[in-house]
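Residues per chain, in single letters:
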Amino acid sequence: MGKSSKDKRDLYYRKAKEQGFRARSAFKLLQLDEQFHFLDNVTRVVDLCAAPGSWSQVLSRRLFEDDPENAASKRIVAVDLQPMFPIDHVITIQADITHPKTLNKIMDLFEGEKADFVCSDGAPDVTGLHDLDEYVQQQLILSALQLTTCLLREGGVFVAKIFRGRDIDMLYSQLGYLFERVVCAKPRSSRGTSLESFVVCLGYKPPTNWKPHLDVNMSVEDFFQGCEIGRLTLDDKLPEYHEEARSIADFILCGGLDSFDSDATY
Amino acid sequence: MVLKARELSHYGPSICVKFHGDYVVAGYGVFVQVYEVLSGKLVNQSRVFHNNKVHGLCVENGLFLAYGARSVSVVPWQAILSSKDNSKLEKMCPEWVTSAEFSFDGSAVYLLTSYNKVLCCDLELEVLETRVVYGERAILYSGTITVQSAEKVHINAGTVMDGVFIWDLFSEKNLHHFTGHEGSIFYVTASKNGRFVASCSDDRSIKLWDLESGSLLSTGWGHTARIWNLQFFDNDTKLISASEDCTCRVWEVSQLTGQLTQTDVHEIHLSKNVWGLDVDSRRMIAATSGNDGRIKLTDLRLRTRAGDESQAFSIDDISRCRIDFAANEIVKGFFWLHFGLVVLTSEGQVLKYSDQNSVWSSIFQNQKFKSFSSTTGVQKLNLVVFSNGSGDVLIVKFSQDGTQVLNTLEIAVTELSKVTTCLVESFDGELFIALQSPNPRDALVCVKIDSAPLKLTEKYHLTRPANFNASSILYHDNFLLFGSKFSTLAIFNLRESETSAHVLNRLLPGDTITSVRFVEKSSNDRSLFSVTDREGFYCFVSIDLNNGDSDIVLENKISKGFLEGAFYDPSGDYITYGFKSNYFVMFNETRQFEIMSELCGGSHRQWLFLPNYDPNEFVFVYVKASRINIRKLHSSFVPQTLRDGLHGREIRDLTLRPASYNTRTHVFCSGAEDTTIKLNRIKESGEARTIWTFRKHTSGLQRCKFVSDQYLISSAAREELYLWKLCTDFKSNPYMSIIAVLPTSTKLPDLRIMDFDVKFIENSQDFILVTVYSDSAIKLWHFEHASQKFALIAIGKYETCCLLNVALIPLKETLLLLISPSDGYLVAWDVTKCLNINLRNGKLQDWKPNFSLMPILPDYATRVLVHRAGVKSLQVKSANGSSCLIYTGGDDNAVAISEFAVEEDELSIKGQVLSSDTAGAASTITAVNLLNGGKGLITASVDQRLRYYDVTKNQLTLQDVFYTTNADTGCLDVVSTATGSLLLIGGVGFSAWSLRDVKK
Ligand SMILES: C[S@@+](CC[C@H](N)C(=O)[O-])C[C@H]1O[C@@H](n2cnc3c(N)ncnc32)[C@H](O)[C@@H]1O
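Chains as they are written, first to last, in my numbering: chain A, 1 to 266; chain B, 10001 to 11000.
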């Protein structure tokens, strides 16, 4: 067996250790925020696919440590398939976010209040079947989006990890129906050699003619029926092959030029 | 002008495969391929989907059902057999289709989606009804549908977190919830008899469940990696599993207890992902397919099909044929002839075993050969040769059927103090026997014997070279070649046997040469030999036998184990054999699959491997546990592969040799994440075939590029960079070998060489090389052809980012160095002075070494921000003497044209962006390539699209977009052909396209 070419240690890995983050991923969120400032003034957030929890750590520091006021009204909920070690001020749930029951659980924790920010850094088990991996990844995003439509306040922000594969332009197009601006952003701490990027969706604006309605018996596709991003039409004949709407999102590299390039090795 | 692009061929993952009568049906990308099982002939390839890959299929009642991703299609089976394109019937499902089956009476189709929902459709795929279990709608990785009867249909659903759900389609109720596995369930299937469910997961185990009681019956452990597929076969008495560990395993399913017992392991694919799996229970063959694009057939009865494949005899067994043995008499040697086996025992008794009637008989006894004996022979002449330590040689010649000894000859070679090695070779009825003593000063005594009457005709005393201990022999054209220890080859001219041998030292990295074979003679009178050594290396060496001048045209290593020999089979495949731990293994090195293996206990045994008179049939004889074992390998009754793939993992780079190889045939190299480099041949029809798989790199490939028709350079992590030379002098194959290795900066380098570029010095084979590294280092080298060495001639650095591409661009009297780092800039240097190099009219004239300090690159001359993220690919076109155009594709989805020019005064360099398309793709643009002498630009991006731009006015005018079926599209290369160009695109697999310009 050949050895892989990936270099294991890089500067971000060491930096994460120094700053007490559980994963180098923390810098991705920090660099995205540096660009978009979406964490300014947020009080209630959901961190999906959060284990081991470095994003939650960032959120906890931002919401509680940096600004201890109004702690009672603030909330961070973190969800993952994997168990997570506790983080101060973070409520953790071990569950599958594609399961409709999970979304109900999260909704309950918000007691009818809206969230300002939803993020998902989810990545499925990679099987090596590129199309399946990509599909499952997009389903994770759609599940996160499902929660978002039920929970996010108008004008709120949604951030999710994407892999820029074959059908990514279809996802951009879908997100375009729900947000004012959709950007594809790549933090410098994310490897240039990987296809990983993040969609940053700014200014949530739900379509006026569609009411999200969570039902444990509905799949993601069912859920978005009626909203323009759903694929199922009311007439149930499976449609013939057709090109679906695609659009290309703006691309932004985040993290100043002085920040470190994660592909560089020293 | 418009570009006409046509996909010629596609090689890539095959996710499903199924037997149907005398056919094997496989999903191959967007296509379905139908092969005849017995002949392996491709009956038809039919496109069924526009863009999605076929993940599963079934054939029933003359209808064919295919599904993959969100696509489904029902097609008449006849149309699959005859029509090239059935994609107009493709329908889209709103969710991913995990599995699909016809209903019991065939009038409906069930589609199980990834949200555990079943759409019941008619044959036109109109949804009649939707069925689900209330509240259980989480995502599935796997699932199957078991249609037992019109009323009984079960859904076997494998979830991400919750184990397996079995539910009833019509009552919409969960029947069972199996929760014993850890992690995602990757496959679940039910036996036809309705008794068992088998599932596998991330945890590497297979679990068998009782469908009646819902209890776990047993767990099958054995696979060393994730398991992807499971199928019951042979009336549900057996289960077969395919795994990421590259094997498929057969399990006996106890009908009483539900115990799983592993009975067989088959090595099937080289790369880890094996997806498709099916068994033809009538013929007992398995079909598998995977990420490597290979469709493989495995004979599950390889060892019992003819019935005589495996035989074993103890001395007791043999004595039952009324043969007397002394106490402690054991087998000392054997040889396989046309009729069967000839054996010599420790008492000097010679036995023969007739393969026709399975009878052992004693021929004679000769006390001289009691001890220190060796047994060998010549199959063609139907004779065996015994020798002993004192130099006695006994030749026994048999009749064709073995019933009679026709002739014997005994010779005594007295000039050697002691004989430890006896090597035998023959040519045209003549027999050569070489005897060697342990004393290096003794001559190598060789006798020539006429085999017809068995008469000694000549005796040679060959002077042994220093450090020489012959281990293999070859006669060719009046020369005797001996392979020896210390990886030495000695060539003796028998016409002038007194003169000393030509000696080739250190031919291979290993120690003992195990075989030498003649391959062919070139038109310029050089002979090509294949040489193997025990450590697993092999090489092809081109030798002028008259003066010993030699050239290693290929050197390689088998993937694991010891190598005892290798040869070309009649179809031109290179076959190796040797030992891998306790196994003897025969391997098709060209097509990279194991032909057979035998658990023999290892290489220290007495063993013999010979053809069985048919070039496709072999015998392996060995002694294990005091038994003589005879393992025969008959040629397979079905082809072993229906389609050969290429790499099992992502292709990182591919490069076409600029000049064609033969008429309408080209060679290209591909380098992949699996660390191998493959040298391949491709016809202009698109048909490709791998010739050699090189395992020189130890890490994933970064780049490989032909820098001329003869030279290729490859680079990878750990600062690996090799210069290869291609040899096209021989008819058998093109050959390729490393002629120089770039020195590394430390003993344990861990930098990646991201890219390199080469400029030849005019009228010489010397060149300047530049390499760029992942830590932003830049190094310039001079390659001297005479010494075949690289010398570092300058170093430099750019900021602190990874450097992705580099080019050396001669402009008039200036040599420009251009890099693209991951920050989106194009950065240029004038390196003429620093390198002490002279140019005239854009040609490198000469280079003078700088004997003082190592030059360090000054600050860059200029840089231009072209992209918002890393520049992934770069192509250069020199526009006129003083300027050049740079075409780039970036991680920011953009394509751009920039210009760099040397100002009149030759003192400064200016760069600017001329044109850019910031929405050049939906994803990273990984490759750009100029076409038509620079009039067109083709780009490839990870969104699996190729875009063709007109760039005549230095503006990017999009002309056309094509879809490619290769995921992770990462590289492309183009070569001109008589009718246009041949384009290769690499990613997961590769595809070949023909490009033609047509007038509007
Ligand atoms: C890259 S990690 C997240 C890292 C995290 N943001 C941090 O900073 O520590 C991706 C996570 O996605 C989770 N995940 C994948 N599929 C999921 C699903 N269906 N539901 C919940 N979590 C999931 C995985 O368990 C994994 O922990």
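Derived from the structure by calculation, the hints contain no laboratory data.
None of these values were measured; they are calculated from a predicted model.
By construction, the Cβ of each residue, glycine as well, lies at the ideal position given by its N, Cα and C atoms.
Don't take each hint at face value.
[As the list claims (entries may be wrong)] DEER-style ranges, computed between Cβ atoms:
#, chain 1, residue 1, chain 2, residue 2, range
1, A, T208, B, D10105, 26 to 34 Å
2, A, T43, B, S10559, 27 to 35 Å
3, B, G10106, A, Y177, 56 to 64 Å
4, A, H242, B, D10122, 17 to 25 Å
5, A, H242, B, S10213, 57 to 65 Å
6, B, L10081, A, H242, 33 to 41 Å
7, B, S10635, A, Q94, 53 to 61 Å
8, B, L10216, A, T43, 34 to 42 Å
[What the hints assert, rightly or not] To give an idea of the interface, some chain A residues facing chain B are shown, with a C-beta separation under 8 Å as derived from the structure:
#, residue
9, V42
10, T98
11, K105
12, A123
13, V126
14, L129
15, K186
16, L202
Supplied distance hint 33 to 41 Å, evaluated on CB atoms of L10081(B) and H242(A): Cβ of L10081(B) to Cβ of H242(A): about 28 Å, so the range 33 to 41 Å is violated.
Supplied contact hint for V126(A), tested at 8 Å Cβ to chain B: violated (11 Å)
Range agreement (Cβ of Y177(A) with Cβ of G10106(B), hint 56 to 64 Å): Given a distance of about 41 Å, which is not inside 56 to 64 Å, the answer is violated.
T43(A) versus S10559(B) beta-carbon gap, inside 27 to 35 Å or not: With a Cβ separation near 58 Å, T43(A) and S10559(B) fall outside 27 to 35 Å, so the hint is violated.
Hint check: 8 Å Cβ-Cβ cutoff, V42(A) to chain B: violated (27 Å)
Given hint L129(A) near chain B, where the shortest CB pair must fall under 8 Å: It holds, given that the least Cβ distance between L129(A) and chain B is near 7 Å, below 8 Å.
Chain B contact restraint on L202(A) - CB to CB distance below 8 Å: violated (18 Å)
Consistency of beta-carbon spacing, D10122(B) to H242(A), with hint 17 to 25 Å: The hinted range 17 to 25 Å holds for H242(A) and D10122(B), with Cβ atoms some 21 Å apart.
K186(A) as chain B interface residue, shortest Cβ-Cβ below 8 Å: Where the cut-off is 8 Å and the nearest Cβ of chain B is about 6 Å from K186(A), the hint holds.
Proposed interface contact between K105(A) and chain B, which counts if any beta carbon pair is under 8 Å: violated (13 Å)
Supplied contact hint for A123(A), tested at 8 Å Cβ to chain B: violated (13 Å)
Pairwise beta carbon distance, L10216(B) to T43(A), judged against the given window 34 to 42 Å: Once the Cβ atoms are compared, 48 Å apart, the range 34 to 42 Å for T43(A) and L10216(B) is violated.
Comparing the model with each earlier hint shows violations of hints 1, 2, 3, 5, 6, 8, 9, 11, 12, 13 and 16; every other hint is respected.
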